Amino acid sequence: MTRARTAAYWTLPALICLAVHWQAFEAWFRADDFAWLSLYSHIQSFSDLLSALFRPEAQGTIRPWSERAFFIAGYALFGLDSLPYRVIIFATQFAGLALIQLTGFKLTGSRVAGLLAAVFWTINSTTTEPLGWACVYNEVMCAAFLLLALWFRIRLLESGKKRFQIFEWITFILGFGALELNLVYPALAAAYTWLSRYDTRQPRKKTPANWKHIGAMFAVSIVYFGIHTWAAPPAASGPYAMHFGPSMMRTLAEYWTWSVGPVYLELPPHVKLWMMLAAIVLVSVGLFAFLTRKLRAGFAMAAFCLVWYLVTFAPMLPLRDHITEYYGYIPVIGLAWLGGWALVEGWRRAGSTRIVAAALAAIYILMVLPRTVRATHWNYELTEEARDLVAGVARAQQLHPGQAILLDGVDEAGFINAVRDKAFVLIKADRVYLAPGSERRLTQQSDWDRVANYVLDPSIAQQGLARGQLQVYDVRGGTFHNITSTYRYTLRAEGLPSRVSAADPLTAYLLGPEWYALDIDHRWMGKRATLRMGAPKEPERKLYLTGYSVDALGPAEVKVSVNGMELPPAPVNPGPFQLSFALPDAIVGQREMKVAIEVSKTFRPSNEPRDLGLSFGTFEVR
Amino acid sequence: MRNIGRFHAVMLAAGALWCAGCSQEKKVPIKETVEEAPSTPTLLTAVGMGDPKAEKQLLNGFYAIEANSWRWTAKDFSVVLRPPVGSAAQGAVLDLGISVPGGVIQKLHNVALSATINGTALPPETYSKEGQAEYKRDLAPNLLNGDSVRIDFHLDKAMPPANGDMRQLGVIARSVALEAK
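Protein chains in written order, with the working numbering: chain A, 1040 to 1661; chain B, 2 to 182.
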């Protein structure tokens, strides 16, 4: 190839990737991104750093490079400027594309097939979120690790040079820091090595297969799986619970349709479902026909494409209730190799075979590309909405320092993509609330915090407005409109709130005089403290107390009385606590209740004039 | 040796970048807000339904302006008004100007309108003829303390959503006012 053609060969997939995913490149952050970005602010020491990097989080995942280090270092260096994160994500994707081209060439013997595989992969709809949503970078990085390790294996098998074995091992081990899926690599290495011995095109290998090393890699994967299971036991229930059985085949079938067709089988305008299903069947039949033909001709490596697909999908198949669009991102690489190869072979044959191959490729592109572009745009819009909310709060905070901010009109997307993961904490806006009534508009998801926890009680809002502690913004339409002066007329407060935060200046009016002054995000009590709050409206309700007890206090006992009625005491041990006290039905329906808390002992730290009991925290009736 | 030197240079550069990043103020996106003007006029004592500037006083239950002059109401609707000067001593008159559409009478035969002001119920009035009408009530001075009053109106019946119109329709509101005595 000439230099120009070589340059074009290597840059074309990346350019197509950029063209298709341009809005992913421009996207900001959303949802889980904010939780990962906030990790940085929790790091005060080296042990904090180790904890932030390796402690199981979010469904027990441990992904030190692709999530923890990526976001911690990213936030430390670039804050909320999303561009550098995107550069890293796309650079990794481009590396993955190049490795697909290289491996594709080795698998198929055709450089063009490798190129087409990279293109088929990068336009697939499963690539939308890994490229457009920063917290799914783990998929992009894992793909790069798996492909790189496989490339070193290929080079090892070709050359027999020891250094490739070392590189393969390093890549394999480091890959665990990207995604748990990395544990399937030994199966990929074994399959490639074994199939390469039977591929009629390949000269009989003089180099050793290194089965011992592959066995050792299997052992590493098993040990990793054991440690991971011990550190973060799999969920027994909920969406992440594993279900082994026939449902795995159904899950695989669903993922297959999303792999050769659009994710969620999303139909473009004027396309009916039967047309889409027919198109998926056609492309599938084409792929399997090509695979069968190749295997019959002795091209054993063709099977590797399918093995890649099945092996990298296997760990996700038991997740019956958590079918996710980007889970196909890595497996689809196998089908992309097969598809690229099929198109090249079909094109080389004249007549109807060429037409069929080109038609099937066109059908695939027409099925997946519109959805990829649409979903990229959708993702971009969600990040823009999150940015509008964060940027509006940032400005409101500049204009009204020290005041709490109430957001009226936050929709479902805004809640999920900015509020729920506490995006505002990143701009040091700790006291941002949703307007009363928001909980009726927003969907409560079973595996998330209660929406009500983000909503300000109308009576607190009323008090906050009366005291000039609160600014209210209508956020509909993306621009914040200050409606503070008229908002109070819309409030209908009845009685006192059922949830009181001792750490919130807005609810300080409900606290008795025994409480100490606010300490940033918590408030200490002495031996005894009181507060007023709403009584339960229905019987069999409980009073929940959350807070923190320090080591210096040691084990203690907490007594609570409500309107003078003493409730059975509860023990409290050092560390964060949540205590619950059954409330007497006698107070149901009362306008308010006076709560008194007493701790059995206090302590006085050195250089501290105060006797301290417990640090709070919230009080909630539910 | 050269490799070691390169390694050190790279590490130094990475460290410098890290320190620079850590010490700088984090880049925070800012988007301008639309603030209330410092001279935001106080609430109006009378609101014409065709006046978009008075919309903030229509708290709930009012649909969009039609023909620049009126709005459909729902079954329940609320406004906030500024009591007229001296009303805390002399009281005032609540005047809601409405039109009862023929369709409402044909379908519901009659509608009764009542109101509550600061928790005090005002007597209802029943309308059984189509055309313009008023809901007028004397308000005692003790209901008009403060710089604003919220008035909640209630219709005993309303037309349910029909023919693709998802709105619940009550009567047509033209104006609402607190008039000095």
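Certain hints may be false.
[Stated by the list, open to error] Distance windows between CB atoms, simulated:
(1) B/ASN69 / A/ARG1480: 24 to 34 Å
(2) B/THR121 / A/THR1100: 54 to 64 Å
(3) B/GLU135 / A/ALA1556: 51 to 61 Å
[Unchecked claim] Derived EDC-like pairs (lysine to aspartate or glutamate); straight-line CA-CA distance at most 16 Å:
(4) B/LYS32 / A/GLU1423
(5) A/LYS1640 / A/GLU1577
(6) B/LYS28 / A/ASP1427
[Claimed, not checked] Just so you have them, the derived chain A footprint on chain B, three or more residues with Cβ under 8 Å:
(7) 53 to 65
(8) 111 to 117
Hints are computed from structural coordinates only; laboratory data are not their basis.
Quantities reported herein were computed from a predicted structural model and do not represent experimental measurements.
All C-beta atoms in this analysis are idealised placements derived from N, C-alpha and C, irrespective of residue type, glycine included.
Hint check results:
{"no.": "1", "hint": "B/ASN69 / A/ARG1480: 24 to 34 Å", "verdict": "31 Å, holds"}
{"no.": "2", "hint": "B/THR121 / A/THR1100: 54 to 64 Å", "verdict": "59 Å, holds"}
{"no.": "3", "hint": "B/GLU135 / A/ALA1556: 51 to 61 Å", "verdict": "56 Å, holds"}
{"no.": "4", "hint": "B/LYS32 / A/GLU1423", "verdict": "12 Å, holds"}
{"no.": "5", "hint": "A/LYS1640 / A/GLU1577", "verdict": "34 Å, violated"}
{"no.": "6", "hint": "B/LYS28 / A/ASP1427", "verdict": "15 Å, holds"}
{"no.": "7", "hint": "53 to 65", "verdict": "holds (count 4)"}
{"no.": "8", "hint": "111 to 117", "verdict": "violated (count 0)"}
Checked against the numbered hints given earlier, this structure breaks hints 5 and 8; the rest are met.
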